[in-house]
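Visitor: If you want the building blocks of each chain, they are given just below.
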Amino acid sequence: MDDNTLLKVENLRTNFFLDEGVLKALEDVSFYINKGETLGIVGESGCGKSLTALSIMRLVQSPPGKIVSGKIYFEGVDLLQKSKCEMRKIRGNKIAMVFQEPMTSLNPVLTVGFQINETLRIHRGLSKQQAKEKTIEILKMVEMPLPEQRYNEYPHQLSGGMRQRVMIAMALACNPSLLICDEPTTALDVTVQAQILNLINDLKKKLDMSVMMITHDLGVISEIADRVIIMYAGRIVEESDGKDIFLKPLHPYTEALLKSVPKINTKNEKLYMIKGMVPDLLDKHKGCLFAPRCEYCKDLCLKEEPCLLSYSNNRKVRCYKYSKEWEV
Amino acid sequence: MKITDILFRNNKIYEELGIDDKLSSTGLYSDAWKRLKKNKAAMLSLVIIIALVFVAIFADFISPYSPEEQDLRNKLQGPSSEHLLGTDHLGRDILSRIIYGSRVSLSVGIVAESIAVVIGIIMGTMAGFYGGKVDYLISILIEVFASFPFILFAIAVMFVLGPGITNVFIAIGVIGWTTLARTVRGQVIQLKEKEYIEAAKASSSSSIRTIIKHIIPNCLSTIIVIVTLHIPGDIMTEATLSFLGLGVQPPMPSWGEMINNSRKFMRQAPTYSLFPGIAIMLTVLSFNTLGDGLRDALDPRLKNL
Amino acid sequence: MGNNKDRYLLEAQDIKKWFPVKKDYFGKGEQKYVKAVDGVNIKIEKGETLGIVGESGCGKSTLGRTLLKLIEPTAGKIIFNGEDITDLSEKDLKNFRHNAQIIFQDPYASLNPRMVVSDIIAEPMDIQKSYTTKKERLSRVIELMEVCGLNKTYINRYPHEFSGGQRQRIGIARALSLNPKFIVCDEPVSALDVSIQSQIINLLMGVQAEYDLTLLFISHDLSVVNHISDRVVVMYLGKIVELAETNEIFEKPIHPYTKALLQSIPIIGGKNLKKSKPTLEGDIPSPVDPPSGCSFHTRCPIAEKECSYVEPKFIDVGNKHFVSCIKVSNYNLGLNK
Chain S
690 MDDNTLLKVE NLRTNFFLDE GVLKALEDVS FYINKGETLG IVGESGCGKS
740 LTALSIMRLV QSPPGKIVSG KIYFEGVDLL QKSKCEMRKI RGNKIAMVFQ
790 EPMTSLNPVL TVGFQINETL RIHRGLSKQQ AKEKTIEILK MVEMPLPEQR
840 YNEYPHQLSG GMRQRVMIAM ALACNPSLLI CDEPTTALDV TVQAQILNLI
890 NDLKKKLDMS VMMITHDLGV ISEIADRVII MYAGRIVEES DGKDIFLKPL
940 HPYTEALLKS VPKINTKNEK LYMIKGMVPD LLDKHKGCLF APRCEYCKDL
990 CLKEEPCLLS YSNNRKVRCY KYSKEWEV
Chain W
5 MKITDILFRN NKIYEELGID DKLSSTGLYS DAWKRLKKNK AAMLSLVIII
55 ALVFVAIFAD FISPYSPEEQ DLRNKLQGPS SEHLLGTDHL GRDILSRIIY
105 GSRVSLSVGI VAESIAVVIG IIMGTMAGFY GGKVDYLISI LIEVFASFPF
155 ILFAIAVMFV LGPGITNVFI AIGVIGWTTL ARTVRGQVIQ LKEKEYIEAA
205 KASSSSSIRT IIKHIIPNCL STIIVIVTLH IPGDIMTEAT LSFLGLGVQP
255 PMPSWGEMIN NSRKFMRQAP TYSLFPGIAI MLTVLSFNTL GDGLRDALDP
305 RLKNL
Chain H
190 MGNNKDRYLL EAQDIKKWFP VKKDYFGKGE QKYVKAVDGV NIKIEKGETL
240 GIVGESGCGK STLGRTLLKL IEPTAGKIIF NGEDITDLSE KDLKNFRHNA
290 QIIFQDPYAS LNPRMVVSDI IAEPMDIQKS YTTKKERLSR VIELMEVCGL
340 NKTYINRYPH EFSGGQRQRI GIARALSLNP KFIVCDEPVS ALDVSIQSQI
390 INLLMGVQAE YDLTLLFISH DLSVVNHISD RVVVMYLGKI VELAETNEIF
440 EKPIHPYTKA LLQSIPIIGG KNLKKSKPTL EGDIPSPVDP PSGCSFHTRC
490 PIAEKECSYV EPKFIDVGNK HFVSCIKVSN YNLGLNK
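Chains as they are written, first to last, in our numbering: chain S, 690 to 1017; chain W, 5 to 309; chain H, 190 to 526.
Be a bit skeptical, because a hint or two may be false.
Among the chain H residues that face chain S by a calculated CB cut under 8 Å, a handful are [claimed, not checked]:
#1 H349
#2 S352
#3 Q388
#4 P455
It should be emphasised that the hints constitute simulated quantities derived from the structure, not laboratory data. Even glycine gets a Cβ: it sits at the ideal position worked out from N, Cα and C.
Could you put together the complete structure from these sequences and hints?
Guide: Have a look at this one:
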């Protein structure tokens, strides 16, 4: 493994054991994040992007979920081998997470200051006074107006954008190496979203962090991701550079997604619609999971699931279109 | 689909219009029933309750003796081959009296709760739906009734109407509606904000129609659970009232009244109070367990899947 | 007068909706209000799709509901098809409600989980008693399901058995059941996945063309609004700040807020946020205490002293383009671009 690689996920497989059967939520998920880069994970609901983050943090609800196999190397060490106690030292400290809904992610009966303090006192063993000073420093860093005043306020007294800044402050309090953001701006207004994305970008450089940005918003990814992975039905279907993927999407799903987003020049024409529906992961599948909805589907797509193939230096795609067998 | 729809369905129309509709296999209640079936304790309780209902209905056929048949020579006997659970202070067969006593307990549960449910739903939905002054007034009513010392009220009812089982129903029902009203009010306030309620308004639905068609059906799960959990309380209350001489009058058997009478004969016939006590305990335990099971099975979290 | 009635389906004159804020226990101090909609004037033309955009607290959802009288306006007049419906009682509004319906944002909360699909779709007809036989009712439900792309064999299923996109179709079928002239679409695609959004948008546009509907399309998503609307209204803190035809507003925005909004949208393959982009500072002020004068002046990059005490008027800058900004009224249109 490269010295520059911060996180390397190999063949991650997470299942949910339900009454109705086994739901194979994540299948053969492999990717890496280098130091100082932003990896975007894009997909629609149910594709497994949030679950990937939870699996890395080992926060998957068990039962019914379980990480069945795979390796998650963080700074060279496999997280799946660590004990619960050791994971607790890593969460919030070396790997931190920012969630989508700032209102339900913050405890409404505790002050903002207390909640940020908590991480500092647990992981750094700071005294109350020291923690308070550091907290105010961090609030300034996340550009919170009037930080001393906000320290004593409760979540409901803050606006959505400010609450999200608190979440970011909590996540960054212990200077993590990896910041996972799960749809951090979906619930925010567009102007506030722009502020928060800028903030995350600036802090990434200042604190020398890597960022894993999970979202369904292709625009957000386009603006801030260095590299992108696209997920569909629990699998990675494409991995690419942040720019190339939009200029020349490889996987038919990526192509379809880009086509169905309304853009300035599609006014009053019919928007592209992807036919069919997302497959039920409880059922047994044969062949590529996107095949029933794919424009390019051929017989061989229905026989066996394609592997994630290397297309070029930094691009991978899970599609027979780019394999030797296609032209046959 | 609702049972009524299935029973009274006009299949002809469906045929004429050429629809082959696949009836749903997952309604809210069928899902809940599946979940309930997995809860062994709740299913056992259900069986016990059904057995109890059976006993109450067919008491005439099951009971070995008449509950009022006295045999003063054989009073206060312990369990024997002739009298399986012994006899009471008037020589009456305890087993028979327990069997007939089930009628009283169950009818209290059903009738009193029915009264409470009707009053509770009306009050709760009015308060929750209309809000404002209506809510204010009804909430005061709820607080007054809830704080009223129950025994005092029961005595007052007996005083006015005389003792007897009907008056027990009234006393319990008229006081017992408050918890239901409070809970229903809370639910209605939440439901009011749902968009399908606004949709009904957007088509000119009257308030009454909205309440009946939309609000109450969505409160039913809560109501079912509350009622099931209240029944044991009602049974205990009846037992207490009969114990105090305010409820069922002799010679009608009631488990509470049996315990009351057995007090004086504790030393001579210690088993006299034991069996009615077990009967009460078993019934109350069954309803409580079933109620808990129903609450888990009807869990609203899973409604939104 | 006759001209107006023929041209405009709905006219809102100086609509205000103020929600009283609960006073503290002792009832001290003056009554405060959340000024959700604070003086809105719009005229919606027959057959058009009018888009309303704005961020949270701008009052667009409240406006939509107020225009349908689902919320009582605090002040102002609503004129529908030439008739003043502002003061009509619920009973008298029956006819209006027949012609004006709504589609909601949340596909999970907008359908009664205890009712089957056919009952949900037929409910407006049941309420207004607009059919005579059961067969008529059923065949109308099937017709609506087919128009909205729903499989008719699912006619007796419950909402939870459908996906988000399908539930939204049920909501649309319900809105169409009375053959209305006007539909308010309150963020109908915001809660849906990207690939489903396109299906629903196409459906709405198809249905509008087919039934010659007038739509009020409320959304915070500017690209969707751009795609579907003929004209666009931009709202901020309960007031309209700009109104123009869609092309005009996206290519030549005038109001600083509109410009900031357009700049904040992350664009696929567009400008790189990594290069420092001018974003709007600060948060949206509370609608309980909106700033004096022009409510945008606290965050406006070109605000001047005047802006804090003079309320801008809504002026016509030509080309059917209206703006509410003092600086526009002070300068010639050409110089202020």
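Visitor: Any of the earlier hints contradicted here, and which numbers?
Guide: Violated: hint 1 alone.
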